[in-house]
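Now for the letters of each chain:
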Amino acid sequence: MSGMEQVPTGNVLLSLIVWMPMIGAFLLLLLPREQVDGARRAALVFSLLTFLLSLVLWIGFRPDTAEFQFLEQHPWVPEWGIQYVIGIDGVSLFLVLLTTFLTPVVILFSFGDVQKRVKEYFFFMLMLETGMLGAFVALDLFLFYVFWELMLVPMYFIIGIWGGPRRIYASLKFLIYTLTASLLMLLAILYLVSAHVKNGGATTFDVRLLYDVTLSPIEQGWLFAAFALAFAVKVPMFPLHTWLPDAHVEAPTGGSVILAGVMLKLGTYGFLRFAMPLFPNAMAAATPFMLGLAVVGIIYGALVAMVQPDLKKLVAYSSVSHLGFVMLGLFAVNVTGVQGAIYQMINHGLSTGALFLLVGMIYERRHTRQIADFGGLWKPIPKFAAVFLLVTFSSVGLPGLNGFIGEFLILLGAFGQSRIATVFASSGLVLGAVYMLWMFQRVVFGPVRHEENATLEDLRPREIAVLVPVVAMIVIMGVYPTPFLRTMEPSVKALVERMTKHQQRAVAVVDHAPPVPKHAGGV
Amino acid sequence: MEALALPAINWLAVIPVGLTSLLGLLLLALGLFVDDDETLGWLALIGLSLTAVATVLLAGQKISTFNGTYALDGYAVFFDMLFLFAGIIVVLMSMTYLEGTGIPAGDYYGLVSFAIAGMIVMASATDLIVLFLGLEVMSISVYVLAGAWRTQRRSNEAAMKYFLLGAFATGFLLYGIALIYGATGSFRLDQIAAAIPGNPAPKMLIAGVAMLIVAFGFKVAAVPFHMWTPDVYEGAPTTVTALMAVAVKAAGFAAFVRVFLHGLAGLHADWSMLLWVVAALTMTVGNVLALAQQNVKRMLAYSSIAHAGYILVALVAGDTTAGAAALFYLLVYSFMTLGALGVVAALGEAGEPNETLDDYAGLGFRRPLLGVTMTIFMLSLTGIPPLAGFAGKLYIFTAAIRDGYYVLAVIGVLNSAISAGYYIRVLIAMYLTPGPEAEARVPRQPYLLASIVISAVLTVLVGVFPALWMQFARMGFLSL
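Sequence lines, in order, name chains Y and R. Taking the working numbering, the leading residue of the first sequence gets 1, the next gets one more, and so forth. Taking the working numbering, the leading residue of the second sequence gets 1, the next gets one more, and so forth.
Since the hints were made in silico from the structure, they are not lab data. Errors might be hidden in some of the hints.
[To be verified] Which residues of chain Y face chain R? A partial, calculated answer using Cβ under 7 Å:
| no. | residue |
| --- | --- |
| 1 | V146 |
| 2 | S194 |
| 3 | V479 |
| 4 | Y480 |
| 5 | P483 |
[Said to hold, decoys possible] Label pairs and their computed distance ranges (CB to CB):
| no. | chain 1 | residue 1 | chain 2 | residue 2 | range |
| --- | --- | --- | --- | --- | --- |
| 6 | Y | I218 | R | P446 | 55 to 63 Å |
| 7 | Y | A372 | R | A438 | 17 to 25 Å |
| 8 | R | A467 | Y | G221 | 30 to 38 Å |
| 9 | Y | K379 | R | P434 | 57 to 65 Å |
| 10 | R | A438 | Y | A465 | 44 to 52 Å |
| 11 | Y | G221 | R | N67 | 40 to 48 Å |
| 12 | R | V56 | Y | K198 | 35 to 43 Å |
| 13 | R | Y181 | Y | E79 | 34 to 42 Å |
| 14 | R | Y175 | Y | E79 | 39 to 47 Å |
| 15 | R | V288 | Y | V56 | 49 to 57 Å |
| 16 | Y | A472 | R | V288 | 22 to 30 Å |
The C-beta atom is built at its ideal place from N, Cα and C for all residues, glycine as well.
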C-alpha cells in the first residue's frame, strides 16, 4: 500500500457516474435493431440517471476545501504504479456537471435528428460520455490518458458515420491531429514518471505526487511543450485550430454540441490541471507567448466568424474566439482570471451548445445553413427567434446573462497579468458582438425574403424541452453566479498557489544559492 | 582412442520440441489415410494443446543440457507457449480456410508442427549452431507452406521469393557465426559472452555481429532487409501469412533477443548504434509504405514490418525492462495480428481473395462480428488505449525513455500517429463507406470465427489487465 493520506469521502458514487453511461451503452447493444424507440429511450434514461447521480455529487460536495473529494483509489497495474485514482475538486465538479447536463440534452435532441443506425449512434454517444467524465475525474496520468484517447474513437465514428458530405475527411483530420499531439504528451508523461523515480520517488502516475517532481528548466520546457501541444490542439488554440471548423461543419448536431460544449474544455482543463501546475517555471516563461496566442485566437476567430456565410461555420469560429478568452483567463494565473476561465468554459458549453442546437433545428426544417437563405424569421417562428436572441446575447456577453460574468472576470484577471493583452482582448469582445448581432439581424430581422421561410414550423414540444434547461442555466448563471464561484474558489486558489508558489521557490533557490562549488547541476 | 563422450542429457528439456516433432510425423503419416480434413485439424489442435499443457508444467525449470547448447528456461517456455498458441490459432483458422483450396491437410498441418518445432529449438538454443538448426527446420517448413496453394500463382511466387531470400539470409547467418567463432573461439553464448574482450572489440567480432543483424533482420523483416515481406505475405495462403507474421517473427526475435541481450550484451555499445538506425528505419519505412496500400493483406505485411521496428526499439534500449517489453510486445502483437489476418481470411473465398479496401466497404454493417473485431484489432495496432497494443507500446517507450533514447521514442510515437492513417482507413471502409448491406450468402466459418473471437478477447483483456501478462514477460526475460 502506498503511504498516501486517505481522504475520507471515498465511495463508489463517482465511479458509478463515470461508468453508468458505458453500462447503458452496452445494454443498448443487446436491444434488437428494430427497437429504435427503445434505444432512444434507454439512452435518455441512462444519461438522465447519470445526471441525477451527478446532482447527488454536487449536493454532497464540500465547497470549503481544495482537497479532492469522492476519492477512489485502487491499484490497476501495480508493476508500473498505475492506479485507478479518481476524485473531483471545485474545478472538475462543474465540468462533470456540464457533461452530464449536456449529454441528455443532446440525446433528446437526437431523437429527431438521427434516423439511421440509431442504436449505434446512442452507443457511441454514451461511450463518449464515459470517456469525457473519466478524463475530468482521473487523477492518475495514465488513467487520464486512457480516457483522453477513449473519447477519440466514439467522436470519430459520430462524425464519420452520421456527418455531412465531407465527413470522412473531417473525421480523419480530427483524429490524426488529436492523436499525434497526445502521443507526444504520452512520452512526456513517461519522462515525468521516470524523473520522479530518479528523484527517489516511487513509480507512480498519480498527479498529486508528480506535482512535486523537481525538474531542470530545460526539462520543464520540453515537457510543458509536449503537454501544451496536446491540449492546445484540443482547445483549439490558434494556429492549431484548423481541424475544428471541418469537424464542426461535418459533424451531426449532437456531435457538434458535445464537441464544442465539452470536448474542447478538456483542452483547457488539461492546461489547468496538468500542464500549468506540473511545470510552473516553464509555464511562467511561456506566459507571454501563450497570452499572445490567446489574443490572436480571440481576434482571428472573431474576424473569420464575421465573414462566414454558413451559420454552423460561424458558430465554430466563434468557438475559437471564445476559447481564446478562456486561455487568456488561465494564463492570467490569478484567482480571478482562472475563475473567470472556468466560468467561461461552462458558459461556452451552454451558449455554443444552444447555438448548435438551434442551427440544427433550423437545418432540419430548411436543409440549409446559409445565412443568405434566411431572413425575417421572427414572424413565422417567434419562439425560435426569441430563444435565438437570448442565446446570442449570452454569447456576446450581455450583462445579466452568463457570458458577461465569465468575460468580465477574465478581463479583470488578465489586466493584472498583461494590460496590452487585455486591451486587445477587449476589442475581441466588440468584434464578438458585431459578428453575432449582424448574423442575428440577417437571419431573424427584416422581411421574409424566401417563400419557404414563411411557412416554417415553430419549435416543437420536444425541441422546447431540449432548449428550456439550457436557457434556464444561461439565465441562472448570469443572475446568480455566487454559488458557482464560491464552490470553485478554494480549488482555484490552491491551483494558482501551486503554480505561483513553485515559481517563487525556484526563484528563491536561484537568488540565495551559495556559490556553486562545482558543475554538479550540469547545464 | 577414447570413445566420444556423450554429454548427459536432461530429456525434460526436449519435451516441447519432441512432442511437436512427433505430432508432425503423425500428421504426415495420417494424411495418407485420413480423408477428412477436419479430423486432421482436430488432431493437430489436440496435439498442440497437449504440448502446451506439458510446456506449462515445465515452467519454472531452468535446465541447460546437451553440453550447454540447449536450454529450457522461463524464456524458452514463454516463447514455446507463444508459438504453440499461434499454432493453435493458425490451425483453427486453417480448418475453415483450407476448404476448397486443395491444400493437402495432412502435409499442411504436419509442416505447421515442424515449423513450430524449429521455432522451439530457436527459442531454446544457447549455441549458435543449434540456433542455426532450429532456424533451418522452421524456415524450410515455412518455405513449403508459403507455396502450399499450388494452383495459385502468387502462392508459388511467394514460396520462391521467400526461399531465395531466406537462403541468402542463411548465408549471412552462417558467415556471422563463423566470424564470431573466429573471434571468440566458441559457438556457445555463455562462452562467447565470457570471451568478449574489453574495448575496442576486435573488428572480426564486430563484423560477425553485423552479419547476425542482417540475418535476424531478414527473419523479423526489419528495414532494409524487408523487401521480401509484402510479396510473400500477400501471396502466401492467409493462414500461412498469419504463421509467418506472428510465429516466425517471434522466433526470429526469440533468437535475436537471446543472442544480443544475453550472449552479446557486452557489445551493447557497439551494436546498439547500428540497431538504432535499423529500428528508426523499420518503423518509418514500414508505416509510410503501409499508407500507400490498397490491399489489406499487403498493408498488414507493412504493418508487421513497422511493429518489428517498435520491438527493435526495445532491443536498442537493452536493459531488463526493455527485454521484458520486447517479449510483452511480441505477445500483444501476436494477438492482434492473428486476429486481423483471421478477418482477412474470413473475407476470402476460394479463388476470390477479397482483400482490397473496396471489398471491406460496408463490412461493419454487413457482418457485424467481423466489423467489431476488426475495429478492435485496428485500434489496438494503432495503439489506442485501453487495448493491448497500447500497453505494449507504453512498455517499450517507457524502457526507451528510462534508458535515455528520447529521439528514438519520439520517432516511435510519431510513427504511431502515421500508422493511424492506414489502420483507420480500414475502419473508414468498414463503417463510413457505403457498401452492400447484406451478403448474398454468409459462409459458415465456425473455426475461423472462433479464432478471431479468441484473439479479440485476448486483445481487450491484455489491454485492460496487462499486469499478469507483463509478469510472464518479465519472468521470461529474467530467466535468461
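Against the structure, the hints:
1. V146: holds, 4 Å
2. S194: At 5 Å from the nearest chain R Cβ, S194 of chain Y passes the 7 Å test, so the hint holds.
3. V479: Result: violated, 42 Å to nearest chain R Cβ.
4. Y480: violated, 40 Å
5. P483: violated, 36 Å
6. Y:I218 / R:P446: 55 to 63 Å: holds, 59 Å
7. Y:A372 / R:A438: 17 to 25 Å: Between A372 of chain Y and A438 of chain R, where Cβ atoms are some 43 Å apart, the hint is violated.
8. R:A467 / Y:G221: 30 to 38 Å: At roughly 34 Å between Cβ atoms, G221 of chain Y and A467 of chain R fall inside 30 to 38 Å, so the hint holds.
9. Y:K379 / R:P434: 57 to 65 Å: violated, 41 Å
10. R:A438 / Y:A465: 44 to 52 Å: violated, 37 Å
11. Y:G221 / R:N67: 40 to 48 Å: Hint violated: Cβ distance 57 Å, outside 40 to 48 Å.
12. R:V56 / Y:K198: 35 to 43 Å: Given range 35 to 43 Å: holds, Cβ gap about 38 Å.
13. R:Y181 / Y:E79: 34 to 42 Å: Once the Cβ atoms are compared, 39 Å apart, the range 34 to 42 Å for E79 of chain Y and Y181 of chain R holds.
14. R:Y175 / Y:E79: 39 to 47 Å: holds, 41 Å
15. R:V288 / Y:V56: 49 to 57 Å: Roughly 51 Å apart at Cβ, these two residues keep to the hinted range, so it holds.
16. Y:A472 / R:V288: 22 to 30 Å: The hinted range 22 to 30 Å is violated for A472 of chain Y and V288 of chain R, with Cβ atoms some 53 Å apart.
The structure does not agree with the numbered hints 3, 4, 5, 7, 9, 10, 11, 16 stated previously, though it agrees with the rest.
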